[in-house]
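Engineer: Residue-level listing of the chains:
Protein chains: 2
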Amino acid sequence: MLNISNRGKLMPPSPIRKLVPYAEEAKKKGIKVYHLNIGQPDIETPKAALDAVRNFDFKVLEYSHSAGNESYRRKLAQYYKKLGMDVDYSHIIITTGGSEAILFGFMSCLDPGDEVIIPEPFYANYNGFAVAAGVVVKPVTSYIETGFALPPIEEFEKAITPKTKAIVICNPNNPTGYLYSPKEMETLKNIIIKHDLYLFSDEAYREFCYSGEHFSAMNLKGAENNVILMDTISKRYSACGGRIGALVTKNKLIYDTVMKFAQARLSPPSFAQILAEAAVDLPDDYFNHTKAEYLKRRNILVDRLNKIPGVFCPRPGGAFYAIAKLPIDDSDKFAQWLLEHFSYEQQTIMVAPATGFYATNGLGKNEVRLAYVLDTNSLHKAMNCLEKALEIYPGKKLA
Amino acid sequence: MLNISNRGKLMPPSPIRKLVPYAEEAKKKGIKVYHLNIGQPDIETPKAALDAVRNFDFKVLEYSHSAGNESYRRKLAQYYKKLGMDVDYSHIIITTGGSEAILFGFMSCLDPGDEVIIPEPFYANYNGFAVAAGVVVKPVTSYIETGFALPPIEEFEKAITPKTKAIVICNPNNPTGYLYSPKEMETLKNIIIKHDLYLFSDEAYREFCYSGEHFSAMNLKGAENNVILMDTISKRYSACGGRIGALVTKNKLIYDTVMKFAQARLSPPSFAQILAEAAVDLPDDYFNHTKAEYLKRRNILVDRLNKIPGVFCPRPGGAFYAIAKLPIDDSDKFAQWLLEHFSYEQQTIMVAPATGFYATNGLGKNEVRLAYVLDTNSLHKAMNCLEKALEIYPGKKLA
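Protein sequences, first through last, are from chains A and B.
Here the first sequence stands for residues 1 to 399, where the numbers follow the working numbering.
Here the second sequence stands for residues 1 to 399, where the numbers follow the working numbering.
The following block holds chain A by itself, in its conformation from the complex:
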């Protein structure tokens, strides 16, 4: 019998995929759907960076270096240095999106059966890369009541077994928006050094911090060999389709190992490397406008949410997501109901049920993730919808 692999069976489908047909149906009925479910920013990609691609002058679209163009790696090192991060171009391997950085990191550091600890709720696709690498995810739960702060050190200690090889964080966090404090980063450093663990630090949303400064894992003194930074230009420059990320590490053995995986797939995409290289030259104040825009949206979203009876949403310190606790029975059912049975003034919203972000079964049932990637006007309309929806949702349930 021709069977698919067990790995293929274990591979989780996208948690919102099952909702897509309902969104399509709603649109067919003429209902406008506000997409709060995905992290696709509406912010324009910087024109100067797009123009760099428009103006390329080569005649043969060649493979780039497997680690990415050296000129781009050198530029990217400048970008990190400007932010006070101690990174040399020789620490950088350009990857096909942040996704590939995660996969290469897992593949190079971890073997099948090894365990990684991830504070939950976490970015759902970590599960996919863990399955691809045969790695077991052990969640440590963070809670909405504390704004999804780093769980206490004892929780990590309890989760560590002889098979534990790494901790994965996303800072600022997707899906919670939580920004780790320097003190929390120090706590993590102590754990990884004490237990000889790798720290995979996903800093895709580094530019978007509102409640304080970003503290990069690359700046954890004494943990240079433990830290593997996973980065991407997707959110930074609103360039998700470019598929340009980076794996950064000072651990030479890991670097050389990741390079073998990078060589096997030949090279990262050429066009978007041009864009990414040009983007480093954007004026220093480039992010001010974007950040101000996201901050305004965050405040509208959170303020509106917390005014709805029975809703609680901690104010996220970074990224462009928030998790809200709703007075509902089941976030998967609610998300489907919003698309299938609800509309207000011919409009509805699509949200991501938080169940998809927890590894522990049963958690997230009354939580949804909302991405504030819509302009303030649309965001207000989306909140009007949510308000009305919660008034009439049949599965309403106060905590």
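These are calculated hints, taken from the structure and not from any lab test.
Please note: incorrect hints may appear among the correct ones.
[Said to hold, decoys possible] Interface residues of chain A toward chain B, partial, derived using beta-carbon atoms under 7 Å:
#1 H35
#2 L61
#3 H65
[Said to hold, decoys possible] Keeping only pairs whose Cα atoms sit at most 30 Å apart, straight-line, the calculated DSSO-like set for lysine-lysine is:
#4 B:K59 <-> A:K59
#5 A:K138 <-> A:K296
#6 B:K18 <-> A:K252
#7 A:K59 <-> B:K47
[Stated by the list, open to error] Covered, in the sense of this in silico footprint (three residues per stretch, anywhere, with C-beta under 8 Å from a C-beta of chain A), are these stretches of chain B:
#8 12-19
#9 59-69
Just so it is clear, CB atoms sit at the ideal spot from N, CA and C, and this is done for glycine as well.
Following the hints, put chain B in place on chain A, whose structure we already have.
Structural biologist: Here is chain B on its own, set in the frame of chain A:
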């Protein structure tokens, strides 16, 4: 102790990587190095396809669909149909290069410990994807004396164990240039059906067939559920840096499983999808010129090689590679010596030792792979170098 993974240790480095520093040294000494070692075509990427990228008009570089833009998938299905291949757009998942198609195919069909049979010599990076997926490669040897024809069916039968799940072919072949005949494809069909195996068919060089018509594995009647096509635009349109490939299968369960891996990495690169979509509209005679050019080069290369005493090179039926048997002790040593100790009129050549393409230890020691990706003038000069080099190489050894 922070260790790299066993998988990372097993991951093979690029077989020509160790030669790169010698090539760089030679260039520093002012020696011109003819690169016959890599499959980076010098043919220009079609201008119309490059122009399509120059003329993009979006303002946000968004994620594409995880399976690739639907408009491109529909176009690509047209391309296949024009070639007489029975492919619908719903069978296609656009991947990041052919590389990702191989990885997704392995991940979705095979589990760690499963075995795949590959006629050797084979594309060295299959080893890398096998290691990433935990899969064991079992080679079946093809021989230079028969021009690297498909090994006899008994050899496959001998190699099949209860753990065998698939056969991998590359047609026309990299590194041998061998073009499988329709009869050989039928033989393969009988094997995969009899033993319930998947057939991974890498058809990256489909356009470049000189000794007959290409017979795609997609046209094997009755094996629709067994066949997984791995494709790429890299060689077809000289667009290696675009990183656009495709996995094509009529097996719905495999398709759905591959989609889960595709969703985890979000999307293939956007810019080069524009290029690839535009390229499908090139005039029908577009490949005639390129094919004629490669044919001319093939004949120069093979004719010149076979005139050198002690050298044998079968005339390849496709792709742009040839494997030549040389009167040498060790192809790795010879390749290094060419760069380190040899030059003729301030020129030398870089070749790929064939040892890197065999899984069986000891094979390929007197063989090298030559890519005819240089213009005819350079190719003649490169052959002059080889001729002279073999006259004086200290490790000369007649068979």
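Engineer: Are the hints correct? Go through all of them and say.
Structural biologist: Structure-based check of each hint:
With 7 Å as the threshold, the beta carbon of A:H35 stays out of range of chain B, its nearest partner Cβ sitting at about 12 Å, so the hint is violated. For A:L61, the interface hint holds, the least distance from its beta-carbon to any beta-carbon of chain B being 4 Å, beneath 7 Å. Nearest Cβ of chain B to the Cβ of A:H65: about 11 Å, over the 7 Å cut. The hint is violated. With a CA separation close to 25 Å, the supplied pair B:K59 and A:K59 stays within the 30 Å bound.
With a C-alpha separation of about 35 Å, the suggested pair A:K138 and A:K296 falls outside the 30 Å cut-off, and the hint is violated. Between B:K18 and A:K252, the direct Cα distance comes to roughly 18 Å. Compliance with the 30 Å bound is thereby established for this hinted pair. Between A:K59 and B:K47, the direct Cα distance comes to roughly 8 Å. Compliance with the 30 Å bound is thereby established for this hinted pair. With a threshold of 8 Å between beta carbons, the proposed coverage of the region 12-19 of chain B by chain A holds, since 4 of its residues qualify and at least three are required.
Residues of the region 59-69 of chain B lying with their CB closer than 8 Å to a CB of chain A number 7, which satisfies the three-residue condition for coverage.
Checked against the numbered hints above, the structure breaks hints 1, 3 and 5 and satisfies the rest.
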